[in-house]
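S.K.: Full structure from sequences and hints, please.
Protein chains in written order, with my numbering: chain A, 1 to 301; chain B, 1001 to 1296.
Be a bit skeptical, because a hint or two may be false.
[Stated by the list, open to error] Below 16 Å or equal to it, Euclidean Cα-Cα: the simulated EDC-like pairs (lysine to aspartate or glutamate) are:
(1) B/Lys1064 to B/Asp1090
(2) A/Lys197 to B/Glu1117
(3) B/Lys1161 to B/Asp1138
(4) B/Lys1128 to B/Glu1227
(5) B/Lys1064 to B/Glu1227
(6) B/Lys1128 to A/Glu188
(7) A/Lys197 to B/Asp1090
[What the hints assert, rightly or not] Derived DEER-like restraints, expressed as beta-carbon distance ranges:
(8) A/Phe39 to B/Arg1175: 44 to 54 Å
(9) A/Val35 to B/Arg1265: 51 to 61 Å
(10) B/Glu1202 to A/Gly118: 33 to 43 Å
[As the list claims (entries may be wrong)] Covered by chain B, according to a simulated footprint, are these stretches of chain A (three or more residues, beta-carbon under 8 Å):
(11) 184–194
(12) 201–208
Derived by calculation from the structure, the hints in this document are not laboratory data. Even for Gly, the Cβ is constructed at its ideal location relative to N, Cα and C.
So the chains spell out like this:
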Amino acid sequence: MIELAETVTSGAPPDLTAKRSWRSVKSATMTGLMVAAVFVVALPLVAVVWSVLGRGLAVAFRGFPDFFIQEIPSVARRAGPGMGPAILGTLLVTGAATLIAVPLGVLGAVYLHEYGVGNRFSRLVRFMATVMTGVPSIVMGLFIYVVWTLRFGYSAFGGSLALACLMLPVVIGATEQMLKLVPHHLREASYALGTSKSRTILTVVLPAALPGIVSGSLLAVARAAGETAPLLFAVGAATEYNPHLFEEANTALSIQIFGNATSSFVAAQDRAWGAALTLVLLTFLITLVARVFTARIASRR
Amino acid sequence: MHTEDRIERHGRPQRAPAGAKSIEVTAPLASGRPEGAVVFELTDLEVYYGAFRAVSRVTMKIFKNEITAFIGPSGCGKTTVLRSFNRMHDVTPGARVAGGLRYRGTELYGPNVSATEVRRRIGMVFQKPNPFPKSIYDNVAFGPRSNGVQSREDLDVIVEKSLRSAALWEEVKDRLKASALGLSGGQQQRLCIARTIAVGPEVVLMDEPCSALDPIATARIEDLMRELKSTFTIVIVTHNMQQAARVSDRTAFFTTDVDAKSERRTGTLVEYDVTTKIFSNPGDERTENYITGRFG
Chain A
1 MIELAETVTS GAPPDLTAKR SWRSVKSATM TGLMVAAVFV VALPLVAVVW
51 SVLGRGLAVA FRGFPDFFIQ EIPSVARRAG PGMGPAILGT LLVTGAATLI
101 AVPLGVLGAV YLHEYGVGNR FSRLVRFMAT VMTGVPSIVM GLFIYVVWTL
151 RFGYSAFGGS LALACLMLPV VIGATEQMLK LVPHHLREAS YALGTSKSRT
201 ILTVVLPAAL PGIVSGSLLA VARAAGETAP LLFAVGAATE YNPHLFEEAN
251 TALSIQIFGN ATSSFVAAQD RAWGAALTLV LLTFLITLVA RVFTARIASR
301 R
Chain B
1001 MHTEDRIERH GRPQRAPAGA KSIEVTAPLA SGRPEGAVVF ELTDLEVYYG
1051 AFRAVSRVTM KIFKNEITAF IGPSGCGKTT VLRSFNRMHD VTPGARVAGG
1101 LRYRGTELYG PNVSATEVRR RIGMVFQKPN PFPKSIYDNV AFGPRSNGVQ
1151 SREDLDVIVE KSLRSAALWE EVKDRLKASA LGLSGGQQQR LCIARTIAVG
1201 PEVVLMDEPC SALDPIATAR IEDLMRELKS TFTIVIVTHN MQQAARVSDR
1251 TAFFTTDVDA KSERRTGTLV EYDVTTKIFS NPGDERTENY ITGRFG
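M.R.: Next up, the structure:
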């Protein structure tokens, strides 16, 4: 034993240095390619944020909070703030769309996943929801234009209807996925206590799925807030505040971005950049609020 | 020490189990035990999953205020039979129960029988502790609340009583508002028992309630079962033969029958008797082989 130990310690130190081999060359190449891919993907995002911040910050925050409060100049070539009516319009349109699409979507998903499993009606509904996801937003706008706007005229609500149609399949899909993730043993535990199915869904399944439902719905809201095409048909492009949901032409940030950016006047183009930044901030803010909300629910368990 | 002692003492199944002493006092017969009121009466009970027959022709009676243990190798249908007692198969798509299953004289699968009503009277504790992601208090109050108890004072009384019955009150009384998921595995399982008791059931079904627990937590649950026996009728599925010998009054041994032609595997009841008899002098060779460890 002692002899053996001596030979081990007395021998030359082992050579543990890395040797260049084909394997290490391959590894380095692939790592390099992946890093490059990350940059390629991140570049557009960084560029967008950079240009929106770079050209929008000065416009939006000069004489703060003028830009966020004042009415839109009715003459496009006049320089100066604001985007107030568009902010209010976006909040109105998106808010009403959320109030329509989220309850309907959640209830629909509950039906599909809990009650209509495998029956013909639920298969039809799911198929339609999938088709609706694929409908281009401008077609949805056209549809609302025909069935609503032509009859009742421009209003924020028309835009809400169009956005709700776009959000509905997203909310249904997200909620159904979340319901699927609720562990089966929680339902069983509830049933075993003599709890009815409806009560089990209300008190066990939906609370367990709530964080996922909120973030899924939020994704839909954030996407809808930036939609332009369906709103062009239904909302109009007012320049003054219009707090009424059902009456008169309204406006929205996305509409103002479109209108002002395609204008030939520098003042209008500047306002478009400011509106773009405002929209990015607004979406970010909504996301943040919902994240905090869901985190608080999750931590209460 | 106490726990280890008991496990050691009943390590060999041939020895008399814990319930034996009381049996000797009350029953003069060698293998007998006075039969109390019948809680469940099974006649040719069969359970199907789709076209597959999982359990065939089980006929037995389960008696009031006793602990009845179901033992047998995996896939022999013991859990399947247990789950038919409170109609948990209703939730599984394709599952179907045939044959007679009477609960205190009423056909459980008869017309106009509500599964919800059945489960209020026949509670179930599962293999894996499955508390709701809610507070300890809300977990125990869940059942009474869904059965219409609303007043805060009533709920407080029920929660405390149930937690005391489940021997958990002293450990959690200062943190009833804390999440149930923060408890240890053994505590969670006792919480699940408290949650089941809170509904005020007549029968408590336990599906391998200790298989996820260490020996000390297991001993606590077993002590609890012996205490609860005076109030409830308990049916327990277990893979642990020592556990069956320690806690149960009667034992049913299930096994798997393989059809020679189709190679279909079906669970069957081999033998059902007083626990002391099953473990000391079984009537069927298959039971003896199983409990002496020659197979399964």
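S.K.: All the hints need checking, so say for each whether the structure fits it.
M.R.: Hint-by-hint comparison with the structure:
Pair hint B/Lys1064 plus B/Asp1090 does not hold up; C-alpha atoms about 25 Å apart against a cutoff of 16 Å. Between the alpha carbons of A/Lys197 and B/Glu1117 the distance comes to roughly 12 Å, so the proposed pair stays at or under 16 Å and holds. Annotation: proposed proximity of B/Lys1161 to B/Asp1138 holds, straight-line Cα distance about 14 Å (limit 16 Å). A distance of roughly 22 Å separates the Cα atoms of B/Lys1128 and B/Glu1227; the hinted pair therefore is violated under the 16 Å criterion.
Taking the CA atoms of B/Lys1064 and B/Glu1227, the gap is near 14 Å; set against the 16 Å cutoff, the hint holds. About 12 Å separates the Cα atoms of B/Lys1128 and A/Glu188, which keeps this hinted pair within 16 Å; it holds. For the suggested pair A/Lys197 and B/Asp1090, the alpha carbons sit about 11 Å apart, so the restraint of at most 16 Å is met. In this structure, A/Phe39 and B/Arg1175 meet the distance hint of 44 to 54 Å, their C-beta atoms being roughly 50 Å apart.
Checking the proposed 51 to 61 Å range against A/Val35 and B/Arg1265 shows it holds: the Cβ atoms sit about 55 Å from each other. At roughly 35 Å, the beta carbons of B/Glu1202 and A/Gly118 sit within the given window of 33 to 43 Å. Counting residues of the segment 184–194 of chain A whose CB lies closer than 8 Å to any CB of chain B gives 10, which reaches the minimum of 3, so the coverage claim holds. Three residues within the 8 Å Cβ limit are the bar, and the segment 201–208 of chain A against chain B gives 4, so the coverage statement holds.
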